[in-house]
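Undergrad: Whole structure, please, built from the sequences with the hints as guidance.
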Amino acid sequence: MSNKITSFQLCSLMLINDIFVLFCLGGEISAATAAGFGIGSLIQFLFAIPLICMYKKRGTLNECGKVGEITLLAGIILWGGMLFSMLTKAGELVFIPFESFGKRGSIITTILIAVVCLYIASSGIKAMSRSAVIAAALGAVCLGIVVVSAVIHSDAVNIKSAEFTGFFRELSKGFALSGGFAGFTVLLGFVKDNITRTAVGYFIAKGIISAAVLITGVLVSGGIMEIVDFPIVWAAQLTQPFSVQRIDSLFLIVFTVFAVYSIAVQASAAEYLIGEVFPFIKRYRCSIILIIMAVIGAVSEKWRYLGIITAVLAVMGLIIVPIIYFIKRKIRV
Amino acid sequence: MNKIILAVMCIFLTGCSTGIDVNEMAYVRAAAIEGDNVTFSFYLEEQVISLSADTLEDAKSAAELALGKEIFTGHTELVVLEQGAESNTLEFVLNQWKVPPACRVAYAENVGEILKKRKAEEIVGILKRAEEKNLTEKCDIVTVLGKILNGENGDLPLLTDEGEFQNRQ
Amino acid sequence: MKGNDYKKQRIYADLQQNLNYIKKITGHSTDILVNEFVTGGIKCAFLCCDGMLSSRAAADMVLAPITDLPKQANAQGLFDYIQAHMLLSADRSNPDNYGDLLRLIHSGFAVFVAEGANTALAFGVQGFSTRGVQEPSGEGNILGSHEGFSETIRTNLSLIRRRLKTPELVTKMMTKGSKSNTEICLCYMKDRVPPRLLDRIMKSLDEIDLETILSTGYIRPFVEKKSFELFNSTGLTERPDVVCSKLIEGRAVILVDGVPYGIIIPRLLCESFHTIDDYAHKPFYAVFLRWIRYGAFVLSFLLPAVYTAIVMYHPELLNSTLLMLLAQEEENAPLSLLTESFIVLIMYEVIREAGVRLPKPVGGAVSIISGLIIGDAAVKSGLVSTPLLTITALSVLGGLVVPDLNPQITLLRFAFLAAGGILGFFGISVLACAVLTNICGTEDYGFPFTAPISPFSSKGMGDTLFRMGFRKMQNRNFTVEEYHE
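Chains as they are written, first to last, in the working numbering: chain A, 1 to 333; chain B, 334 to 502; chain C, 503 to 987.
Source of the hints: derived by calculation from the structure; they are not laboratory data. All values derive from a computational prediction rather than experimental measurement. Any given hint could turn out to be false.
With a straight-line Cα cutoff of 20 Å, these simulated SDA-like cross-link-like pairs (lysine to any residue) come out [to be verified]:
#1 A:Lys126 with C:Glu731
#2 A:Lys57 with A:Leu46
#3 A:Lys89 with B:Gln429
Pulled from the structure, derived: some chain B residues nowhere near chain C, Cβ distances all over 12 Å [claimed, not checked]:
#4 Asn356
#5 Leu389
#6 Thr409
#7 Ala463
All C-beta atoms, glycine included, are put in the ideal place defined by N, C-alpha and C.
TA: Have a look at this one:
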């Protein structure tokens with residue numbers, strides 16, 4: 001793992017993925033969702049501790065054997081497919097100028113996103129992570145504007161209006177959307193800074209940002225939660241400094257950029273793993289991965305439990321990989 | 334890599350037909366909805382179009398046909414409903430027509446005629462003043478929809494036949 | 503004789519054979535002057551290139567002393583006497599092959615050959631006409647120096663030496679171009695420049711195998727990465743004060759004879775927005791100017807695209823009054839907004855190019871044609887709408903604030919316009935991701951082009967987003983090595 005990235009860059013890459021997932025979060029949300037996601041981040045950090053220990057001891061994924069790598073690879077590819085699927089669904093609400101084309105339009109959108117992700121992933125992890133920092137910074141500014149505007153325009157009554165569905169249900173929802181962990185498991189090995197500080201910083205930021213975004217969504221669209229498909233998207237559309245216009249289109253910029261980087265980071269991590277697991281595939285690794293992801297995204301609606309399978313694979317990869325490493329180490333000793 | 338860029342450029346070109354020039358659209362200023370009947374008034378076009386259709390989407394299509402231009406509802410300032418109208422009309426208007434969040438909603442006694450008798454911008458001005466003077470509660474579409482969905486029957490401003498604000502207090 | 507066969511040929515000892523060979527190589531060129539004479543009892547010849555040397559300096563400093571020498575035993579004795587007892591010029595050379603001999607003659611040296619000697623003596627008495635030190639044409643400023651580089655490499659070196667009177671400043675001269683034998687000079691501060699950077703630059707320069715070096719554009723592709731990068735990772739400057747500031751930061755600079763520009767290695771994106779005036783103004787004003795430049799840069803390539811995207815795909819973003827105004831303005835335009843935008847931008851490029859190429863006396867005609875005919879008449883006839891022309895003008899002005907990046911801005915402007923006009927903000931976002939990645943991936947010699955923004959360096963922000971005062975800056979001891987990855 002010679003290409004090294006900073007902790008800031010890794011956090012940016014992963015947070016972009018997490019926030020994009022929030023954008024695409026469907027169904028009703030409440031204050032419990034915010035609490036669930038926030039505390040869920042803490043629990044996820046606990047799951048990540050063995051992985052952190054592994055990397056601190058200069059362990060590599062290679063030493064964990066093919067089982068761990070294949071689990072991670074499967075998790076990443078499935079998660080990438082889910083991201084494509086989320087993009088298509090949420091993209092219908094956020095205007096992309098192919099809506100009159102129907103199915104053909106979503107295929108063209110997918111191809112365009114895939115091509116750009118191919119270019120970004122092929123440019124190398126350094127280029128991708130540096131540009132992700134800039135994208136994340138701009139996204140943070142936009143989110144900051146949305147949050148501040150929400151505080152001004154919101155109604156505290158909306159917190160009560162949103163239906164409370166139970167804390168543990170929200171916690172499990174947070175876990176179900178944690179497919180990005182497979183990519184995190186791979187990319188943490190590329191970090192040149194302090195691994196512990198990186199992981200702690202990431203999970204804390206994830207918890208705070210997720211909670212803030214979800215609470216904003218509840219405050220703004222809590223009153224009309226019944227009729228909104230994507231509450232965070234709606235919150236961004238309705239929370240704006242100028243009430244006489246709709247700024248959906250500005251939100252489209254952040255949405256698209258985050259979608260591109262979310263998918264590109266998964267493609268990049270998968271490309272690395274394919275090189276480890278199937279070294280005979282020397283060329284077109286990224287293209288193959290993106291095609292598979294796009295196909296999975298297209299057919300994902302038929303697989304009801306795809307989200308759960310992906311999340312399970314990701315968390316398994318997060319836990320199995322360091323366990324295998326420590327077992328092998330103990331055997332060697 | 335050059336081939337990829339070329340492919341992307343070709344894909345870009347497929348979108349050529351989706352853009353509409355700004356002067357080829359008619360911008361709805363106000364809409365009055367009474368059951369099957371819908372009346373549109375516009376920013377630039379002088380005429381006020383009334384038609385009947387099964388659904389609001391059909392009504393919009395019929396209006397486009399009558400006008401000869403694509404209709405854009407993203408700048409709608411006012412939606413007038415009959416008293417007792419259901420929330421799904423407002424849901425449709427917010428979700429499908431993508432009206433701005435500041436779009437005002439009001440009831441009227443004679444929905445079909447109101448936009449023909451009074452200019453939409455005057456009615457909007459009247460509602461704004463009424464809100465400022467606390468003669469009515471906030472009547473933007475998001476607030477109104479929120480109240481309706483929460484089971485509160487909002488005291489929407491009521492407009493007379495002549496488009497005047499009727500003070501219920 | 504074939505191509506470069508003569509270059510390695512040792513100088514003939516027989517004077518006539520020597521002179522005949524030189525005439526043969528030069529094709530009896532009339533500007534190569536050969537004067538035979540006797541001095542010190544030895545038959546000699548004085549060779550020079552007409553117009554390249556200073557006749558007066560040659561006559562006073564070289565010819566007069568050298569034609570009256572005591573008798574010597576042989577040619578070698580004559581040369582030894584001249585070298586030991588006569589300091590005819592500060593720049594002296596002893597070529598022993600025809601390649602070096604002819605290069606020196608063509609460089610304005612006075613060359614002596616003698617009967618029985620298979621070397622020559624060369625004395626630097628150059629006196630060719632040069633442009634002289636003038637104000638830089640491109641990098642204007644108000645409070646800084648008004649001296650710019652000229653075409654003579656040695657004059658340019660003197661401009662740098664005057665500003666950095668330190669022995670740490672090292673200049674390494676070399677010759678590139680098999681036909682042009684152009685002098686290029688690598689300058690660096692030996693206590694600041696990273697040794698690895700120097701080695702890699704030297705290696706890159708060794709790869710140059712061109713026949714001529716006529717501009718910096720011949721050298722830059724060799725010292726930059728081979729892969730496609732939108733922005734150059736090396737900089738160009740016409741200003742000696744800028745060169746000095748870069749040398750102090752541990753960078754290397756390449757000067758090329760015949761070109762009034764220096765190539766700075768490495769270069770960062772943020773430096774395109776720095777001017778020497780920033781360090782002359784108070785920090786608060788300098789910061790304000792820098793942010794104007796950043797904003798202007800972004801506006802220059804995004805404004806036409808954003809305008810087209812909003813008007814064609816996202817009219818809900820505009821205020822209703824503004825929207826109706828635009829709709830009325832576009833009413834008479836016969837072409838779609840995207841086509842109009844392309845045409846206006848292409849017209850601007852044509853006018854700009856005409857303004858650069860046109861002879862100065864006719865230059866005023868360009869302003870009249872572009873302003874009156876194209877601008878005014880096109881709008882009045884309805885071919886082009888006023889808002890679009892305003893947007894294009896603002897975009898163009900923004901680009902002129904950062905002239906260094908003009909080629910890139912032009913390309914990005916068209917690319918984003920196509921993306922925005924065809925796919926709205928979606929297209930702009932997708933293209934922006936690709937462009938951002940390309941910029942962030944630009945890295946030569948281990949220095950990321952987007953440093954210190956990404957990878958982030960808080961220390962670097964002091965002279966990027968802001969301009970800290972000199973009292974703080976003097977303790978920074980910044981060198982570009984800090985950004986090395």
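Undergrad: Check the structure against each numbered hint from earlier and tell me which ones fail, lowest number first.
TA: 4, 6
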